[in-house]
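Number of protein chains: 2
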Amino acid sequence: MTDAPTIDPRDPEEGARLFDPDEPWVSLREALEADDPQRLAAIFEELSLSDGLRALLQLEAEERTSVLAALPPELAAELITEAPNEQAVDLVEHMEAGDAADIIEELDSDIQADVVGELDKDDADAILAEMEPEEAAEVLRLAEYDDDTAGGLMIGETFSFPNTDTVGAVIRRLTSEDEDFERYRGQHPYIIDEEGRLIGVVSLRNLLTAKRSTALPDIMVVPMSVTTDTPLEDIQDLLDEHEFLGLPVIDSEGKLVGTVSRSAISDALLERSESESLRRQGVFGDELRSMPLILRSRRRLAWLSANIILNVIAASVISVYEETIAAVIAIAIFLPMVSDMSGCSGNQSVAVSLRELALGLTKPVDVFRVWAKEVSVGVINGVVLGILIGIVAWIWKGNAFLGLVIGLALAINTVIAVSIGGVVPLLLKRFNQDPAVASGPLLTTITDVAGFFLVLSLATLMMPLLV
Amino acid sequence: MTDAPTIDPRDPEEGARLFDPDEPWVSLREALEADDPQRLAAIFEELSLSDGLRALLQLEAEERTSVLAALPPELAAELITEAPNEQAVDLVEHMEAGDAADIIEELDSDIQADVVGELDKDDADAILAEMEPEEAAEVLRLAEYDDDTAGGLMIGETFSFPNTDTVGAVIRRLTSEDEDFERYRGQHPYIIDEEGRLIGVVSLRNLLTAKRSTALPDIMVVPMSVTTDTPLEDIQDLLDEHEFLGLPVIDSEGKLVGTVSRSAISDALLERSESESLRRQGVFGDELRSMPLILRSRRRLAWLSANIILNVIAASVISVYEETIAAVIAIAIFLPMVSDMSGCSGNQSVAVSLRELALGLTKPVDVFRVWAKEVSVGVINGVVLGILIGIVAWIWKGNAFLGLVIGLALAINTVIAVSIGGVVPLLLKRFNQDPAVASGPLLTTITDVAGFFLVLSLATLMMPLLV
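Protein chains in written order, with the working numbering: chain W, 352 to 818; chain G, 352 to 818.
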């Protein structure tokens, strides 16, 4: 919270002159056509980052490239940082290597690594060749780590001092004008030995009270740290338990290689949660509407085509009972209702399981406990819904036995759907499948097959009473 | 990152002696029955916070209350903090007011306000009566603000100094042993005038370089701040644009009333995203399996019962065409397929819109732009899926015209589903409805009605060719 600007960047009067807030891209396009980079920059300065990104993404792909190239690299870097990762990569890879390199140099080192790590090798090499060799090497080093580990989430910058330094050295660096202290994101000073191994941390309190001549090892304490391969969940657990703003990251030899901040962890968790929410509906690659039409279509189709096969399996149950339907046409009305209603009941259980898995409150070993808990809900809801739909069917078609068939089928199928729905995500997780992707289609197929079978076999049994 | 502990709290060997990591609640129950609070505390000390909460929630409701009352209040407060808000309230409201007050006094002030704000008035009053009057008044003050505003997200503690103080006063407080500096979560020192109005902030750099006798107004800068009613999204925008660890919060008179931290904002966004993900499947109140069975059942049923009505509307379309089904029984097989497939296609568009709304990349004014973009995807996917399902129907039932009817119906209905699916969340948002709750059921009803109508009316038209 240092050196804060004093102007509200979202002054509505100021904004009204430069662009229409509903369609700011119209003004962007005009400035681009007028070859007026200053006006372009002025428009983005007035917009909030998310509004700026919204405006940028409403432009055509070539226009976006031209706008980014015309902006000051720091401003372009802020827009790239605001964009979801896949969109950021798409923006960068369409630029000239030189322009892209200027922008990438302005990104925080964790974002640099995310973007460069996702680029085609040729694109990445071309951009890295345009960068300072030292910085390019640093980007390559960070890009090697897995996304959801401390290595993938850390920034390479560490606020560190050799164990031969004194308090005075720390204060000199903190107060020097040569260094942008903000990029350390509130780290405390870390102390390293001659091999670069992390051996201590100095608290702000000790820094303020010690004499300038005090050797750092005399006031340091042993810090808590994580290794480059520590997974996101474990870092989250540590930060839940301790009020740290971040943690130092060490490699397998104990060398200090970076720091991972609390905000990077929160952001990664939020991204994961939103990405999972998309995958549950069969949308992959964090789709945004600004991505190419063919890519969006193809990704959605891949999942839908697989769904056709599951639908054919379910429908084949109906096919077996065509004679029953021919005898009691009204059954055809209730088949989709029973399958839809049980699907919804089951998906409620899936949602609760996915959330409890994410919170760590349920683990794959809890399969039977979850099943038992969901059966109770399934029985209550099955009875209530079965009675409701049974009465609807009875009144609608004037046949109490039809009501009985439909109601009983929905009641039983609700118990099946709710109990299996709670368990499916745990089983998928145990077998290392993504529960967000597979739970829904798997559950729906099971409840469709069971629902169609229950309605049609009960109807067949009670046929004399139904016609 | 101060005074870090040096011991890894999750030593597996140590843990193995105290409890079974798969079922730690068995040991909790034993310790509870043996009336051994020290062993209880020891077990929780060994568990990570999420594992500790998981264990606690596996116990019966009365056991949970006894365990929390037996633990040291700081430890119980950590577990309450880890729990989602509704579960936290449930845990607290079952305790004796005195025990609850001890724990609530240990919570951060933003969590205190969240929990107390959700309690029944009687429970809240009983607990507040057991607290220090000053602290109780503070909790009540914070509980009044809306959850998703700066007031609801802030902590009441501010690291503030009168404008008559010097640098020396700040350093004395920073280094005094009487105050827990961690609770300020890395705030910089704020300067207030005699009326309590926020007038400045001092950077760490200035603090370290200025003489102790320097008056604070001489080195302060004007801080960026938010007001108590600034919404979550706006705070997020500000933090996206500036590398602050948090922001001071002022009331309508400019008085400094609290600070909102970056981590509180990230946590609120994550909670909102996960809560929305549950509501999309018709699960309300952030259900956990540890909540009472009847409550879980009732909440899920409320949504499912409304769903029955929508299903009856859709099914009534089938009812109109019973004669067509009687003539071509095979139609009954494909009705659920067409409605399910188009529902899935539409829900993909819904998911993308919900995410773009959350990211601020789409706004309600974009209805026609979104519609146009989705129609393109819908046409491509409709043609592909229509051809696929048409071939399936043709081969399966040996009638090319049946394939044509089913394929054409699915193709048209996919365009409808995809384009409407993209637009529905925007329209709901414009009319201040929760798009996460209503989009799915609304879309499914539209695509069911349209799908049934398309299949059955096309089949009726082409009847001579189908039988």
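It should be emphasised that the hints constitute simulated quantities derived from the structure, not laboratory data. Wrong hints could be hidden among the right ones.
[Unchecked claim] Restraint-style ranges between C-beta atoms, simulated for each label pair:
no., chain 1, residue 1, chain 2, residue 2, range
1, W, E396, G, K606, 45 to 55 Å
2, G, K606, W, E413, 45 to 55 Å
3, W, S527, G, V716, 22 to 32 Å
4, W, E673, G, D499, 30 to 40 Å
5, W, E673, G, A657, 30 to 40 Å
6, G, R548, W, A393, 31 to 41 Å
7, W, I738, G, E604, 27 to 37 Å
[Unchecked claim] Derived coverage of chain W by chain G (criterion: at least 3 residues anywhere in the stretch with Cβ under 8 Å from a Cβ of chain G; other residues may be distant):
no., segment
8, 384-396
9, 488-502
10, 604-617
11, 690-702
Here the structure is a predicted model, which means the values were calculated and not measured. From the three backbone atoms N, C-alpha and C, an ideal C-beta is built for every residue, glycine too.
Now the hints, each set against the structure:
Range check, W/E396 to G/K606: Cβ separation about 31 Å, and the 45 to 55 Å hint is violated. At about 51 Å, the CB distance of G/K606 to W/E413 agrees with the hint of 45 to 55 Å. Take W/S527 and G/V716: their Cβ atoms lie about 48 Å apart, and the range 22 to 32 Å is violated. A hinted range of 30 to 40 Å for the beta carbons of W/E673 and G/D499 is inconsistent with their spacing of about 54 Å.
Roughly 33 Å separates the CB atoms of W/E673 and G/A657, a value that falls within the hinted 30 to 40 Å. As the Cβ distance of G/R548 to W/A393 is approximately 33 Å, the hint placing it in 31 to 41 Å holds. Checked against the hint of 27 to 37 Å, the C-beta distance between W/I738 and G/E604 comes to roughly 58 Å, which is inconsistent with it. For the segment 384-396 of chain W, the proposed coverage by chain G is not satisfied: 0 residues have a C-beta within less than 8 Å of a C-beta in that chain, short of the threshold of three.
With 0 residues bearing a CB less than 8 Å from a CB of chain G, the segment 488-502 of chain W misses the requirement of three and the coverage assertion fails. Residue count for the segment 604-617 of chain W with a Cβ under 8 Å from a Cβ of chain G: 3. That meets the three needed, and the coverage hint holds. Check result for the segment 690-702 of chain W against chain G: holds, 9 residues qualifying (beta carbon to beta carbon below 8 Å, three or more required).
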